[in-house]
Amino acid sequence: MKKKIEENAIQLSKRLQMSKTLRDIFTSQDSTSLKIAFDALESPIAISEELLESDFNRYFIGPLSPIADPFSSIYLDELDQVMSKSTLKVRALYETMGFSFPQQNQIPDDHIGIELDAYYQLLYIEEVKNIDYLRELRHYFLHEHLNLWIPLFIERALACKEGPSKAMVYILTQLKSFLIRETNTQGVPA
Amino acid sequence: MSYSKEKVDTLLHNGISRRNFLKGLAASGVLSSFPGGLLEANEDLNTKIPYLGEKSYETFRNACPRNCYDTCSIKTFVKDGVMQFIEGAQESTYTRGGCCVKGNSYVKRVYSARRLKYPMLQVGGKGSGQWKRISWDDAMEIIAKKLLEIKKDDGTMLGAALTKYSGNFGITHYGIEGMFNSIGYTTRLAGTPCWPAGIDAQNLDMGNMWCNDPEEMKDSKFIILWGVNPASNSVHSMKYIYEAKKKGAKVVVIDPVFTEMASKSSQYIQIKTGTDGLLALGMQKIIIDAKLHDQKWLDANSKGFKELKEYLDKDIKLDDVSKVTGIPLEMIKELALSFAKAKPATIWMGYGMQRHTNGGSMIRAIDALVAVTGNVGKYAGGARYGHLSTWGFNYAALSMPKPEGSVGYTGPEGAKGEFAHGGGGEKAAYTDRFLNINKTARELLNSKGPKVRLLWVACKNPFSQDFDRNQLIRAFKQLDMVVVADQFFNETAKWADIVLPVATQFEENDVNVSYWHYWLSLNEQAIKPIFEVKSDVQIAALLSKHMNKLEKGSCTFPQSVDTKEMTIKEFNPGIYAQFGIKSWEELKHGPVKAKAVIPYADGKFQTPSGKYEFYSEKALELFGSALPKYLEVRKPYDKFRMTSPHSRWSLHSQFQNLEWMEDVHPEPSVYINPDDAKMKMVNEGDTVAVFNKQGLLRLKAKITDNVQPGTVLMYEQWYNNNIYNVNELVDDTSSDMGAFKTGAPGVALHDTFVNFRKI
Ligand code: SF4
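Chains A and B, in that order, are what the protein sequence lines are. So for the first sequence, the numbering used here puts the first residue at 1; every next one is plus one. So for the second sequence, the numbering used here puts the first residue at 1; every next one is plus one.
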């Protein structure tokens, strides 16, 4: 019995860890922080810091049109636009969750990194602090928002035919499994 | 399901439930338990539940800074820090509540996912596509180091070059030139690819380029729209033309192309390209022969009418005029006489007409036609081309002193471009070095003593606009460093080492006036700059900080700026008096118009003689002819003439990158006359190759008799994901004038010749 609880605790922390790592990947601002976050995924792929970043930029950042823009509005609202309806819906959700966002109106609230940050923090208060007050909102966020667009985002990024990057495919696959686990089994591997 | 959708939806939309929920949240200990990240706990909830429901609109004053006649005054509606929509300002009788299709897309432009977001360094080398995100500090340090290295190696900053043009005409954007002034004597790509031959022509004739208020056109009795297409490119002027027409005025369009404007005119006259000057001279001859010229005005206000008349009598044969222009003589006579009889009558000349090897001389000939009929200096009259009379700002952002001990160029000094203002009066021992903007590739490749090593590109997209792409790539590649500051990624950015993301006008403060109408608009910062974009003057300030950190005193630009303070510094008593305001703050209530002045109504011309000069010694000295004599246009060097006018859908390369624009106007076409198409066995929709000694373009054919036989037309435009640039077929042959006032002659864009075949 005791062992079972311990195992659960390890699994739970893995779940938390994964949400944090994915957040860190998508909010990284330079090659070093990106590489640290990527290494935390423990992928078998060996890649230099520089190449990892230029692949990451080609996929998600720019300056050329990235393969998959990392904002929900791109998938849920009008093509090619940020700061639109779904951005503001996410903003309202954050406000209701008790968050404030110092970079509001500078970084769209529905940037994948910010959304993963919200998700990680919500999980954290449940898992580590045992506070359930926002659990229902987290589920709503997952099912009524994240699941509506992140699969489309992943699909678009994976469809990249020109110079697919193994590292990016790995990140996207991890993101996909994370979402599936969260959706189907609340983070516990099936 | 572990949640109720209805319940959460209610929470999000119903203020009372949300308030209650947030109260409970504060009590639950959530706020002190968040681990923190980019999102933080909203500690305010512990003391007071703030209002989080639907917010109301805030409004801001803005202006469209594009290179467009209309310079619309804009009112911007913002909710919760997000731009919602814009409208044309009601206060401006010119903008009158509406923008154009391009302006109406501003919210989409600002929030386009395609904006440049962060400073980036192309680590794999120019054109490699391997980009690294860098901080602003890193970007500026890299650039500052390169600049100081150039100064150390060469003993001067002349190895640093700036190319900037019309991407943003806001007054504080002259801070970009200011940034270059502040680092020493540098190299500038000078001149204008746009309207220089006409500027020179008007300056030779009248000592200035100064058009009447376009709003007066409503009272004109006769309007000739000569090579200008306001129905597409100055939509706000149309209401005055319509009003005049409704009141009985005749509106004649003279153009080689049957334009949208032509379809809305009283009469359309198709003229052979490059022969407009001859038509104007023929008309003058007819008018003078019929004694319909305004002798009284000419006696009092002009110089050289006698010489002009002699020239017309001797050298202008009406049969030749008809033959060369392709217009029946009867039609020319009727046009000339009815124009002379209508008072006031006016002519609006487009910029395309002067993009010929004889462009300046043609503008001079048309000016003369307006003057001969006594329509210069008259309300609702005038030879209209443009004006800069409301541009008397301080140019504080521009006027930066050189660092002490700066060494520069000692060669002959040139003028600096049509918008060159201020910048210190005293004659210095050194100057900047000016290279011809219309020969950018060649000038960069050939520069020496010292060689250009760093190029800064701002408010300009040379790869979509300039000539000779292959040379340009070579020129960019051999530079140590290319910095491109822009709002969007484009072909030029592709060949940069560093790209810097620039703010739109909604993310900064500025002030705007027009080169056509007489309104003044404040441009207020309406939203926070998105991502990491910065305004051009903030970039200059940051560069200054890093230069001074590396070498104290190496840059005189202020090391931190507030765009609002920068804007306020541009105002002066002269501007206040001209616009009848006491303070710039009055502009927060809406745009204001300059007090009405009729150009040259007082008979004072800023020419050497003080009069209208049909005979100009300056013209003789600079361009070899004192009179506006007919000059034959460039001889064909290939089968078909190619003209490349502007499209209504975009401004040069601006706007076309937006997705909705692509829907309207997805790909380039070449417009071919049915006779020519038949001869070449080309059908509508076929892909054709259009080629000449300069290059080859592949595009779809559109068959239309809107273009004359012997001429093909392609819009000067840029298309997303398409390297089409019509200027690849253009060589950089100069137009006749431009060097007098803008530092370099214009380009004879419309004297390009091509051939085509079906592929
Ligand atoms: S492009 Fe011209 S007409 Fe359109 S909004 Fe701007 S200034 Fe007005």
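Careful, some of the hints might be misleading.
Said to hold, decoys possible - No more than 20 Å apart at the CA atoms, straight line, and that leaves these computed lysine to aspartate or glutamate pairs for EDC-like: (1) B:145 x B:307; (2) A:89 x B:138; (3) A:89 x B:6; (4) A:85 x B:9; (5) A:85 x B:80.
Stated by the list, open to error - Sample of chain B residues with no beta-carbon within 12 Å of chain A, all distances over it, derived: (6) 13; (7) 18; (8) 24; (9) 27; (10) 43; (11) 54; (12) 128; (13) 243; (14) 318; (15) 399; (16) 446; (17) 494; (18) 604; (19) 608; (20) 694.
Said to hold, decoys possible - Residues on chain A that point at chain B, a partial pick, calculated with CB under 8 Å: (21) 13; (22) 67; (23) 75; (24) 88; (25) 95; (26) 102; (27) 134; (28) 136; (29) 178; (30) 179.
No lab work stands behind these hints: they were computed from the structure. Every value quoted in this text rests on a predicted model; they were computed, and no experiment measured them. For each residue, glycine too, the CB sits at the ideal point set by N, CA and C.
Do the hints match the structure? See the list:
Note on residue 145 of chain B and residue 307 of chain B: the hinted pairing is violated, with a Cα-Cα distance of about 60 Å set against a maximum of 20 Å. A threshold of 20 Å between alpha carbons decides the hint, and for residue 89 of chain A with residue 138 of chain B the separation of about 35 Å lies outside it, so the pair is violated. At roughly 15 Å between alpha-carbon atoms, residue 89 of chain A and residue 6 of chain B fall within 20 Å of each other, so this suggested pair holds. With a CA separation close to 15 Å, the supplied pair residue 85 of chain A and residue 9 of chain B stays within the 20 Å bound.
Between the alpha carbons of residue 85 of chain A and residue 80 of chain B the distance comes to roughly 13 Å, so the proposed pair stays at or under 20 Å and holds. Listed as outside the interface, residue 13 of chain B is inconsistent with that label: its C-beta sits roughly 8 Å from the nearest C-beta of chain A, within the 12 Å cut-off. In this structure residue 18 of chain B is not separated from chain A by more than 12 Å, as the shortest Cβ-Cβ distance comes to only about 6 Å. Residue 24 of chain B, annotated as away from the interface, has a beta carbon of chain A within 12 Å; the closest lies near 7 Å.
A Cβ of chain A approaches the Cβ of residue 27 of chain B within 12 Å, the least distance being about 9 Å, so the stated non-interface status is violated. Distance check on residue 43 of chain B: its Cβ comes as close as 8 Å (rounded) to a Cβ of chain A, failing to clear the 12 Å threshold; non-interface status is violated. Listed as a non-interface residue, residue 54 of chain B fails to keep its Cβ farther than 12 Å from every Cβ of chain A; the least gap is roughly 10 Å. At the 12 Å boundary, the C-beta of residue 128 of chain B falls inside the reach of chain A, the nearest C-beta of that chain being 9 Å off.
Even its closest Cβ contact with chain A, about 38 Å, leaves residue 243 of chain B beyond 12 Å, as expected for a residue assigned away from the interface. At roughly 57 Å from the closest C-beta of chain A, the C-beta of residue 318 of chain B stays outside 12 Å, upholding its exclusion from the interface. With a minimum CB-CB distance of about 32 Å to chain A, residue 399 of chain B clears the 12 Å threshold, and the non-interface call stands. Against chain A, the non-interface label of residue 446 of chain B holds: every CB pair exceeds 12 Å, the least being about 30 Å.
With a minimum CB-CB distance of about 8 Å to chain A, residue 494 of chain B fails to clear the 12 Å threshold, and the non-interface call is violated. For residue 604 of chain B, the requirement that its beta carbon stay farther than 12 Å from each beta carbon of chain A is met, with the minimum near 52 Å. Against the 12 Å criterion, residue 608 of chain B stays outside the reach of chain A, whose nearest CB is about 52 Å from its own CB. For residue 694 of chain B, the condition that its CB be more than 12 Å from all CB atoms of chain A holds, with the nearest at approximately 28 Å.
With a least beta-carbon distance of about 13 Å to chain B, the hint placing residue 13 of chain A at the interface is violated under the 8 Å criterion. For residue 67 of chain A, the interface hint is violated, since its Cβ never comes within 8 Å of a Cβ in chain B; the closest pair sits about 12 Å apart. About 11 Å separates the beta-carbon of residue 75 of chain A from the nearest beta-carbon of chain B, more than 8 Å, and the hint is not met. Taking 8 Å as the C-beta cut-off, the interface hint given for residue 88 of chain A holds, the closest approach to chain B being about 7 Å.
Residue-level restraint check for residue 95 of chain A holds (minimum Cβ-Cβ distance to chain B is 5 Å; threshold 8 Å). Hint status for residue 102 of chain A: holds, given a least beta-carbon distance of 7 Å to chain B, under 8 Å. Contact between residue 134 of chain A and chain B, as hinted, is supported at the beta carbon level, the nearest pair being about 6 Å apart and thus within 8 Å. Satisfaction of the interface hint for residue 136 of chain A is found here, the shortest Cβ-Cβ separation to chain B being roughly 4 Å, below the 8 Å cut-off.
This hint is violated: residue 178 of chain A has a C-beta 17 Å from the nearest C-beta of chain B, more than the 8 Å allowed. Given hint, residue 179 of chain A at the interface with chain B, is violated; its Cβ is 16 Å from that chain's nearest Cβ, farther than 8 Å.
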